[in-house]
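Okay, here's what each chain looks like letter by letter:
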Amino acid sequence: MTSAAPLADGLPATSPEADLLVEVEKLTLRFGGLTSLSQVSLTQRRGEILSVIGPNGAGKTSLFNCLTGVYTPQEGRIVFHRRDGRDISVVGVRPHRVNRFGIARTFQTSRLFNALTTFENVKIGVESRSRTGPLGAILHLPHTRREERAANARVRELLEFVGLTHRAATLASSLPYGDRRRLEIARALGTGPELLLLDEPAAGTNPAEKGDLVDLIRRVNRDRGVSVLLIEHDMGLVMSLAERIVVLNFGQVIATGSPAEIQQNPAVIEAYLGAPEAPAEGAGDVAESGEGA
Amino acid sequence: MSDPLELTEIPERTVTSAALPPDQRTPWHKVVHNDDVRRLFACVIGGFVLALMTGPEGDGINMLSGVDGALRFPHLGICLALTVGLWVLITVRHRFGERARTASARVSALPARLLPNAKFRGLALVALLALAIVYPAHLNGYWQSVLVQQVGIYVLLAIGLNVVVGYAGLLDLGYIAFFAIGAYSDAFWTGALPIHPPANLNPFWVIPIAIATAMLAGVILGVPTLRLRGDYLAIVTLGFGEIIQIVAINLQGVTGGAIGTGTIRHFALHVLGINYVWGLDPLPYYYLLLVFVVLALFAFHSLEHSRIGRAWAAIREDEIAAEASGINVLKYKVMAFAIGASTSGFAGTLVASQIRFFEPGDFTVQLSILILVLVIFGGMGSLPGAVVGAAVLEWLPQYLHVHPLFGFQQQDLYIYFGAILILMMIFRPEGLIPSRRRRIELGLAEHGIGTADAMTAGASPSEPAGLP
Ligand SMILES: Nc1ncnc2c1ncn2[C@@H]1O[C@H](COP(=O)(O)OP(=O)(O)OP(=O)(O)O)[C@@H](O)[C@H]1O
Ligand SMILES: [Mg+2]
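As given, the protein sequences belong to chains A and B, one line each in that order.
Just so it is clear: in the first sequence, position 158 is 158 by the numbering used here, and no numbers are missing.
Just so it is clear: in the second sequence, position 85 is 85 by the numbering used here, and no numbers are missing.
Everything labelled a hint here was simulated from the structure, so no lab data went into it.
Treat the hints with care, since some could be wrong.
[Claimed, not checked] Now the in silico label distances, taken between C-beta atoms and shown as ranges:
| hint | chain 1 | residue 1 | chain 2 | residue 2 | range |
| --- | --- | --- | --- | --- | --- |
| 1 | B | LEU123 | A | GLY92 | 29 to 35 Å |
| 2 | A | ASP212 | B | LEU228 | 40 to 46 Å |
| 3 | B | LEU71 | A | ALA169 | 58 to 64 Å |
| 4 | A | LEU135 | B | ILE422 | 47 to 53 Å |
| 5 | B | PRO208 | A | ARG156 | 40 to 46 Å |
| 6 | B | HIS301 | A | GLU157 | 27 to 33 Å |
| 7 | A | SER258 | B | ALA118 | 56 to 62 Å |
| 8 | B | GLY418 | A | ARG145 | 43 to 49 Å |
| 9 | B | GLY239 | A | THR28 | 46 to 52 Å |
| 10 | B | GLN366 | A | LEU135 | 33 to 39 Å |
| 11 | B | ALA199 | A | ARG145 | 47 to 53 Å |
| 12 | B | ARG436 | A | THR28 | 45 to 51 Å |
| 13 | A | GLY92 | B | LEU228 | 17 to 23 Å |
| 14 | B | MET53 | A | ALA169 | 37 to 43 Å |
The C-beta atom is built at its ideal place from N, Cα and C for all residues, glycine as well.
In isolation and in its complexed conformation, chain B is listed as follows (with noise of 0.2 Å):
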């Protein structure tokens, strides 16, 4: 139980430490009083962390080899330059933090400047889309299946999670779990599992049964837990996650466990005289996907500019006063819960039938934990924001490892990822595309009011309800 009375707040530090004796004034670590020079300090001792938590292992010889190793100059310089760098763009935001912002600013508004009419906006979509159309037809094969297990499916994933963190603010940790249970389902039907479907489905009619059975699972998990507030809902998705998975491994007669899946069939289509099958060719599936994202892009927009969007906006603001103006919080959660749910049962389905076998192994929390990443990257409630965050986020790696950049490698690609974010929270915590609303929530945030954060939002009123 919080503070019975909001009239209780006691005003912070009154006792200034002026008051205390001489010696007690200062503790240790602000001896420093220049914030820029204990900054400096900081990312130097993180420079030498960082340069022996890279370098090599010592071994049973000789234990300290590993420490001997890192601390070489190559390398520790590397570290240093890395920490040091980053000291520096911090104190350039501190220091031009204003201009930063308003240049920022000026940035995001370009497409507005530029595409000022939404015709001209309208016909912007439109040559984006038949380039997306036209374009992946030239590529060579490698590239067409990067557009579609990397580039297209993120994209969907992201605008899905999107839905679930950007829009209503809820934070899904076990995203990922419903893209298993749309990839389960597609096994399931097309007779891959070692437990057989009651009757043998045209492949293509698994994805409508997908897509249902990953919002069921939307709303089974959604209704109990998202009565509760706040971080509850993290908790609880991130256990999810991790329950999916175990039990994938260990339900052996049902999934087939740690082994992975029969061999699924692709999607086929035979009706009304049409017999397509999607086969071993990416580029049928990347138009598939295109479809898929065009019409979530579609919807999802609809949603947004709709009173189902503008409950989202006021839930995520103030869930009190949205109670108050006659909104189901519970009902609207729950349906963006489940639509990003749905979101994610359906990339699995795809994935599951493109690449035709998986294995438990591929649910992993760290996917759930990308996606994220890829929303926040793009900017959290814009869908422009999710789809060029995904994209980009995805397609770099990819090209970073056919043309190697400056030594870039496969395996470090979560420290490239962890570094690009912390940069973006110092510079852009906004995100790269971010939506009006998003926009101004933070900033209204950083003047104390509200919260804007998906990780705070459901939890800001805590407990006896924030006290009306």
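Only chain A is shown next, with the shape it has when bound in the complex (with noise of 0.2 Å):
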């Protein structure tokens, strides 16, 4: 159950769908009686940025969380490709091994290491690729000590790429909304991922924080080659953004497109009816009680 099943081991795919880095294929996700993913299907390409919206409980968090292998879906498919070639199925992998595969994720409520600085957040992620172990790490093998520069070089490298060396000893709990936000990207980024889930990074943050996430979230995109499926409720940021788009509703996809087709897209405006301003506006929250903010 823990062994991801490599579907074609080694070889480079040279299908029409060799730029495919996703595949989620019929995902049904039930909690008891309560159906929160129904068939959803969605792939994103490689060098994408990718984004699921959705009114609240629409399924968008569990999704990541089947993506993660936080959840296992009942009925469905993930595969993941890899840039190696290698094809991987998420489905019933635990969510470090899924980590390990090459997707990395934030929080819709930051879960950072409270106790711990930020410089030690981000290391953390950076040195779960290490191979360091119980013995290297008391008898200091030189390389243990090798591998331990490496990676402290690594985390000064990402606090510089998002904007926090000023906080490398800052403690995680003592950073503003902003910070934490980044520091996330940060250890998620640490742990050299392909494939970045993001739920809801602008949530709380101000104008100016959010300006900077945008910024940061397409550095991440363009400097560093890796793609990104973004959960944001702030329509200005998803439409700045996003290249393609998917609606959930009710667990349901309802539409699918680029930023343009899902405003003009009636079955979106449906889906939002009654809040106050619809993405045809382009702009605003749209899921107006999202949380924060």
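Taking the hints as your guide, dock the two standalone chains into a single complex.
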């Protein structure tokens, strides 16, 4: 149950879908009588920023939890096509292994290691890739020390990248909201992902921080070549970042398309009806009751 | 299954008592509004209960003579003084809590201030080590064996349990079971059990074998139980401790049953022309123990500050986030658990070989709890804390035994331990010499961020996984 089945080992994919990164097929997730995802299918291309939107309770976070191994869906497939050509089925794989395969995430309400410093938080992400075992750690073997030096350098680079260098020694618990969000992204990047899942990264940030965040996500995507799957209630942010958008409502995909298409889609407008600002408006929080903000 | 969504949290106390009719407004136990007075009341009642509990027993002829005797003046007075004294302490803490906290923080910072330089601290450690090597030779036999059987062994046990409870945040209530496994491995391989080992080993090689056996037992017990979250581990380990003891009693043909083992051979070393036997003299055992304690301290210190220690800290704080950051939570928990188990196992081997005889009755749950108390007292997650805590709490009763103060009696020991623990939780929940991380965690927990208890650390995200 813990082993991910490599579907096509070793061979670099040469099929027409070579640029596919994730395929989600007919995913169904139930909690007792409640179906939080039903027959959800979507694909993400390599290098793409894909956004998942939908009203509260639509199943967005549930989708993320299925993608990262936290929940095991009752039906459906999730296939992750790694850059090295390995295709990995994610369903039923424990979260830390999913992470190791190259899918990292942040959480809707940030989950940092609060009693640790900013530096240590990122280092934990980076070091999950280290190979030092207990013996190496106890004996301070040369390769242990080399690994630790490399990890420190990488942490510094990441802190620089997200702009938290000056906060390196600060406890995560005493960081302001925007910094917490960026720290979570840095920690996730530390694990060296090909795909980064961001669950409402802008929730609770102020407009200035939002601007920085858009910039950061774009740099993650362009400079680091990391594909981004983004859940966000802030339509302005989604429209400016996403190349394509998937709309969920009551656990079902009701629309997929470019931002322009989504804005015109009647089903989407319908789903958001009752909200003062429909996505057609282009900006503003669609789900007015979204947390934070 | 807990609440499905974080968002559905119902704001607490939305219904205030003001909305209720006056006769329902205050529950009976809150008639007294002043908290201090209420606590005083509770303490006075507690004093009476304590007097009754610790007073003489009644007998068949006059059942109430016990009550009568218990409520007489000196006894009742002492009990009331104790509980009211406790009230004074609590009140003081409430009134002057902030000041007390800064004072206690200043005390904690003292070693760092006195020895600001890491080099000096290193020198101080070397000096301490030199003292630990030289001083015991000048003690008499009684104190030397106290040093081995009480202080040394418990220090080793405490630093081992500290890895499990303090570093990984796992509540292990069956720690002594691994001690028993170590002791029985020793007895087995030296031929002191009714069943005989396949080969007669040089008794010194028993040490690595016993350590490996205890570690294996830790892994076998740990892998299935550590998958579960939270309190299960405490319950399973508690049960495991009992099972080991009961098996040892009932498996007479294998363990010698309740009567105990045969005579166990002392350790002996016969390699490379060295022939040394650890005899009846406690001092050589002390040095053997010292070597292992120092090795363990070095190893655990290195672990704490390595990627493994950071992974433990991450798991302690937020398992879900740790997993999402690529940490194999199960692996690191089992690792901590097995390290603790093997330390306990080694301690068992050493005790078995020094005392040369033991019985299942030596491995009570109470002992597991006692070691936990040592760790909590010293400061969870802190090596100096575990060492000092264990040394003080084990040495003091022996000292008081020889130089009785305030009518101290050995059989009352656990009452005092209980009292110390209560005082500790009121005034210094982080322990005698807290670790930096742990102190921060406790501080955060006081403000409602995260959990700082080993007791709840694993449990915090309850079943459907704390909803990321
Ligand atoms: N562990 C769980 N147990 C029971 N029900 C759950 C669980 N997790 C999610 N659900 C249910 O699944 C549905 C979708 O929830 P989900 O958190 O995925 O929504 P969301 O789209 O992320 O909403 P929001 O925008 O508010 O974050 C909800 O009805 C929720 O109650
Ligand atoms: Mg959500």
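How the hints compare with the structure:
At about 55 Å, the CB distance of LEU123/B to GLY92/A disagrees with the hint of 29 to 35 Å. For the pair ASP212/A and LEU228/B, the supplied restraint of 40 to 46 Å holds, since their beta-carbon distance comes to about 42 Å. A beta carbon spacing of about 60 Å between LEU71/B and ALA169/A agrees with the range 58 to 64 Å that was offered as a hint. In this structure, LEU135/A and ILE422/B break the distance hint of 47 to 53 Å, their C-beta atoms being roughly 41 Å apart.
Look at PRO208/B against ARG156/A: about 41 Å separates their beta carbons, and that is inside 40 to 46 Å. A beta carbon spacing of about 29 Å between HIS301/B and GLU157/A agrees with the range 27 to 33 Å that was offered as a hint. As the Cβ distance of SER258/A to ALA118/B is approximately 59 Å, the hint placing it in 56 to 62 Å holds. For GLY418/B and ARG145/A, the Cβ-Cβ distance of about 46 Å falls inside the hinted range of 43 to 49 Å, so the restraint holds.
Between GLY239/B and THR28/A, the C-beta spacing of about 39 Å breaks the proposed range 46 to 52 Å. Evaluation of the 33 to 39 Å hint for GLN366/B and LEU135/A yields a pass: the beta carbon distance comes to about 35 Å. Remark: the range hint 47 to 53 Å for ALA199/B to ARG145/A is contradicted by a beta-carbon distance near 41 Å. Restraint check, ARG436/B to THR28/A: a C-beta distance of roughly 47 Å satisfies the suggested window 45 to 51 Å.
Remark: the range hint 17 to 23 Å for GLY92/A to LEU228/B is upheld by a beta-carbon distance near 19 Å. For the hinted restraint 37 to 43 Å between MET53/B and ALA169/A, the CB-CB distance of approximately 52 Å leaves it violated.
Violated hints, listed in ascending order, are 1, 4, 9, 11, 14; each of the other numbered hints is respected by the structure.
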